[in-house]
Amino acid sequence: MKKEYAFYPGCSSQLRGSASNYLTSVNSMCQTLEVKMTPIPDWNCCGASIGYAGSGELARHVMNARNFALSEKHLPGQDVVATCAACWLGAKETKQKLDASRALMEDTNEALKEAGLRYEAKTEVRHMVEVLIEDIGYEEIRKHVVKPLEGIKFAGYVGCQTNRPFGIAGESFENPMYLDKLVETVGGEALVKYEQKVACCGGALAFSEPDKSQKQIKEIVEAAYDQGADMIVTPCPLCQANVEIYQAEINRKQGTKLDMPVMYYSQLLAVAYGAAPKQAGLDGHVIQPKKLQDIAVKVVPARK
Amino acid sequence: MSAYQGDFLKEVEARVEEGEWVKMCMQCGVCAGSCPFGPHWEHSPQKIFMMIRAGKREEVLTSDAMWMCTSCYNCVVRCPRKLPITQIMHGLATYAHRLGLAPKMQPTRRFSVTFWSNLTRTGRVNELKLVLQVYFRNGFAAGLKEFWNMRRVGLRLLAAKRMNPFELVFPHRCKDAKGIQRMLAKACEIENRKRGFSQ
Amino acid sequence: MKTAAYLCGGCGIAEQLDTARLAAIAEREGKVDLVREHPFLCSAEGVQAIREGIDKDGATHVMLAACSRRAKTEAFYFPDVAVARANLREGVVWIQEKGEAAQEMADDYVRMACAELKRMQVPKAGPDTGKSKRVLVVGGGISGLTAALEAAEAGYEALIVEKEAALGGWAARLHRRIPERAPFKDPAETGVPALVDAVTRNSRIKLQLGTTVAQTAGAPGRFRVTLSNGRTEEVGAIVQASGFSLYDAARLAEFSYGKSPDIVDQAGLEALAKKSIPIRRPSDNKEVKQVVFVQCAGQRDDSGKHLPYCSGHCCATSMKQAMYFKDANPAVDTVVIYTDLRVPGNGEDFYRSAQAKGVTFTKGKVSAVEADGAVKFRDLILDEDTQIKADLVVLATGQVPNSGVNIDNPDEPDANGAKPISILNLEYRQGSDLPRLAHGFSDSHFICFPYETRRTGIYTAGPVRRPMDIAQAVEDATGAALKAIQATENAALGRAAHPRSGDLSFPLVRLDGCTQCKRCTVECPFGAIDEDEKRYPVFNESRCRRCSTCMGACPVRVISFENYSVDSVGAQIKAVGIPDETEEKPRILILACENDAYPALDMAGLQRVKYSAAVRVIPVRCLGSVNQVWVTDALNAGYDGIMLLGCKHGDDYQCHFVRGSALAAERMSKIDDTLKQLALENERVITCEAAITDIARLPRLIDEYAQTIERIGLSPLKGFA
Amino acid sequence: MRDIATSQTILVVGGGVSGMTAALEAAECGKQVLLVEKSPTLGGRTALLYRYFPKLCHPTCGLEINLRRLKGNRNVRVMTMAEVVRVEGRRGDYSVTLRVAPRFVNENCTACGACAEAVGAEIPNPWNYNLNRMKAAYLPHAMAYPQRYVLDASIAGTPDAEKARTACKYGAIDLEMKEQTLTVSAGAVVWATGWKPYDAAKIQPYGYGRYANVITSVEFERLADPHGPTGGRIVRPSDGKEAKNIAFIQCAGSRDENHLRHCSRICCMASLKHTQFVREAYGEAARSTIYYIDIRAIDRFEDFYRKVRADRTVKFVKSKPARIAEDRASGDVVLHGVDTEGYHRYAAQHDLAVLAIGMETAVPLPQDAEVFPAGCAADALDVNRSVQSSTAAALRAIQVVNRAARAES
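Chains as they are written, first to last, in my numbering: chain C, 1 to 304; chain H, 1 to 199; chain X, 1 to 721; chain F, 1 to 409.
If we strip away everything but chain C, and leave its shape as in the complex, we get (with noise of 0.2 Å):
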């Protein structure tokens, strides 16, 4: 039976958008899963971690109630999935608080009927890893391959905001291990002892502390090369941006020569599955991640 969800995409994963490749290889991976994801109608920003000096508290859990309550209008009954490490977390903190606050979502209720909007605390708020993990899980996931990633070492890069401080249940906090799982599910190479899994690339202080946060990329790629990876693997589009974007300002300052590329699961799902290098977004990078085109403009043999 096909699994249906409530599309919370954000504003990064949209068209056009820095990772609009992410939401290309998603909606690629969901349709071999035969998962439905409807995007919210009018769905809005969640405010991200980022926007707080503008605007306090309560129009941040405003914003994401916002996207509840829409979501409870049009597609009752399914839960809102997050493919964002920011959007997740902004929305599962505001579900959290609401929850836990009758004041406060009197509050939030009281804003959200200036957009015409209620918000009746039914919503269940997931990341798309928690959708792939618990309700597809691990085997049905692998039924589906059609090309495992053969021969290609990824380091998994969990990051931050998809680990804490909510994380996918079941995983620790310092070593997660579902990246790696999902890499050996679909054929590849988990580097299990890379060491910056966790490390926090600098998030949206990238713009604003550009040298700080090089640094901290300049060390998560680094520790991959350590390792002998050929490319990063993340579940978040602020980690991916940084972490392949920002190389070539380090190769530019430091005349280091990092070229590492940076994937999203969803792409080495679809690639397995036998998505074409457009349908994966696999031209959506600025380091090309040479070997996993190459599996995927191989033709394979059709499955027995």
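Please keep in mind that the hints were generated in silico from the structure rather than gathered at the bench. If a hint is listed, it holds; no wrong ones were tucked in.
Here chain F is said to cover these stretches of chain X; the calculated rule only asks that three of the stretch's residues, wherever they fall, bring their Cβ under 8 Å from a Cβ of chain F:
#, stretch
1, 6-17
2, 305-319
3, 680-694
By construction, the Cβ of each residue, glycine as well, lies at the ideal position given by its N, Cα and C atoms.
Starting from the known structure of chain C, fit chains H, X and F onto it as the hints suggest.
Okay, now just chains H, X and F, sitting in the frame of chain C:
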């Protein structure tokens, strides 16, 4: 001046998001050691909390430490007292900014404000505008220089279709952007009332 | 007396030793009436055979040549006869290769056990058993009330003697107490009125208020206590719950106590809280708005001027007191300045609760409190010198135990400079109060045995024993009540108390040989021996712990026990066959403390650690029981060396009888004269500290000593005996 | 089996120092006691300690005395390998269900060790916190009581078991033994089930289980013990290198809302003690660093703290380390954190990190019946206070059986 008069602590508790947690810190320092930007700031979270209790209002609110938070939540998950340190740091930063005490040139402060105003215009973030706003924050000439430095990255992103000039003209927007703005105005009004801000 | 010997062949004994030869030795040299061999003596049949020897053949003395006396105690349990054991297993076959040397060892152990056997009696309780099972509780505070009530609840009578006119002690002066049960969030009722009520209504408890103990004489089961009001009471045991006094804050000149009424100690704050909530400051009766708590005031002091220890309760007490303010008015600023917050266990919940209520904690060192309420301190977190202007300052001073007179230095003032007043007025040769452990507290020195006391039948409880809070004092008093009850039960049956619990032997003295040298009365670690008017020792057996230190001390050897005597050990020493000098076979006597060194050697056996076949080991109750005559006899008999293995002494002594191993070391330091007289080398007698864990080390020490003996050569005294 | 105990019997659950104390103190007051212990030996967790703080004396020394008290007192009946599965009833009248695991060795055992020699299989040694392995026929430790071997259930039905049986000359190996369930009566129940170390792997930032050179304080105690897995050499697990520069991390699991909310009381003192083991082993070359929040050397333990503070080989840092990393090349651990006294950031390299692990109740109190908790089943206590607590519990139990006796007469 007498230290440790609780006025500032009470102020923080009333006016700062999650400020009522500040008193629960037991000075173990796990947050300080967990912060990825730890080496870059002047005061660690736990020290900020102690300064608040000691009544060091000026020093706390003008500190750049809170602005160094990358929202990585390392401190939060490790804190033995379960203090929501990330939120407190954001809350303190917000409060300092609101009072006009935050360092004027603090880049993250400026980015944060820019970011929020960017997203509230249409209900969604306009990434391209945001990038341009950041680069040109210090005037046209400086902007051009940064832009020039980053040109290759920009071109590659354009090539990868992850950045699109189209956004400048016809950005993504929420249909009910107006409703969102009304809603946010209301939220602001409620919060100001509750926290006792005169606006 | 009818003797029987049973020789076991199990666990390798029969394989490695000529048991027929051992049997022959028992029969011919040991002159044992009945000798039997058994391949597996601890089996049901083996035990049955022994039982029959006792029941049918009438054996009154049984020698078991088998394993160590620490092993197979369930099987070899014959309380109705005297039992000696020759340790052929752990002592010989497990530590030796098969051969003549091992056989000779076994031969000697059989000889020794036979010799010992004949000099033993099954101990029977002495005539000195007092029958009173009443418990005297000195002190009517929470500890004392609890001890009395708990004893009464168990069916025992109790008498409380309290010097004040009312019960309740320190706790009665409190507004609230630290909570003792979940959720550990708020100050709790003291519970004193209910406790006083329960005690007052209990028909098994009698009270003597406004009264002190004028004299305590006697022993467990028959203490005769004279009260200050002239009454005399007979009790079986005593719980001393005399509490503590607060360290005098006036001794802390830098904290201005006494210079302003708004600087108080913790007792002062309780008084203010009892007077009014919200708390008003003494100087002007205004409500307090900012209060500062100075922790460790005159405590944990390194300068030597104040209390060196931590009183344990003060952190939680300050939290509680800060809550007095916060609960009444959250706007009051309460600051606790501490260096280490010490609230173990669930005290952490109380700490969190205090923080949640808004009590501010700051790690700092207070240098001065000015009379105007300025508290100057080094803020250790913010790394700066700073000050707080408070309108009330509370100094958390420590507990000074009310432990009476320091018997080692009777004129010594207490920590507050006060002249000490005896609490118990013991009519004991060794002083009027309980010996102290440290800093005036009468605690036990033993970690495993917190109620170990050096005055049998007298137990301290509460803060006189060790700094503590109310919850701990209640627990402590309950435990002390048990020990008091136990002491009366032991006394009634003539049984020894810990650590030789159940031992029915007691010192037998041949007073006609006594020279009134007083060594026994001075050296008894438990103050069990008084002196009569002619200065003869008076043994109070239910005060005695059967360590035999007196026996070791006695130069004329007039003290003995039915199952352990100068003779029973001396005979073993003499029973060993000393080869003559031509045989080149050294013999080393080891006198090993039965609590630590002997078990360590046993375990060496269990682990098959080999060591010299020259040694012959005799377990002794304590090195303190070693009489010099054993050493001189052994030297004269031609032993080539003597090793005394006892417990660690010194400050962290591990001797179970307090001073036994230290006394042995002192006595043996004087053995050099004897050695000189005999023209022997100093190395012929050595004393070693041994721990029960020295399973590998002791065999090494023994072998090293055997080498030393080899180096200095055999004793020149061989063959003269 | 009901007859082994009556309403006049005090049942003591747990044969560690607390349970033994409660049992002996009651028995020496003349009471009948049934002491049941889950493992094959009495002695509990203290038997696994090398030395006690603050005297640095040996726990087995007190154990020896208690065992001697026990051997000489027939009021106490001991059952090992017996676990309480249910307690029903009320004060004065309990019915307790016990499950007794098969030991496969009967009372004929002389502890000669022939079975262990015969058996080939090895199992992790829980008496060394599984730091090494031992034969599957074993005596738990040299002080074990009863002094009787155990055949581990894992070799039941294997040729090894048969080998053990054949090797025993005394008919002590009984492979027919089965698990037994039995019900006993009791007038009072003392619950002295003790504690267990908190699962260190749950304290993720410290990498226990991921980094070989991160161990717990209880494991360190075994390392220092001459009868432990290293023969008393303080060496690190990764490469056997001498561990001279050691980090002791306090509140590992304690005082932490993510783990144990309470303070476990013993850990500060245990670490202070451990610094002295390091000093004894390596003299002036020793380097111990204690990372702490508050040093809880309560009451006269302060004397010991003072002594350790005066030791130049010991350093104190007021800090809860944020995380431990591993230096791949050396195998060293690197502690990252901030000294909060003034704010000093560190990345400190050590040979070994010892987590002063928190204390968790081993077995919860029975739900349906009121019992008297003693020792660490009651609270986080050190040995001295555990004994104090169990002495008090013994009196509470005596009160109940005495009351019952008075009511009957």
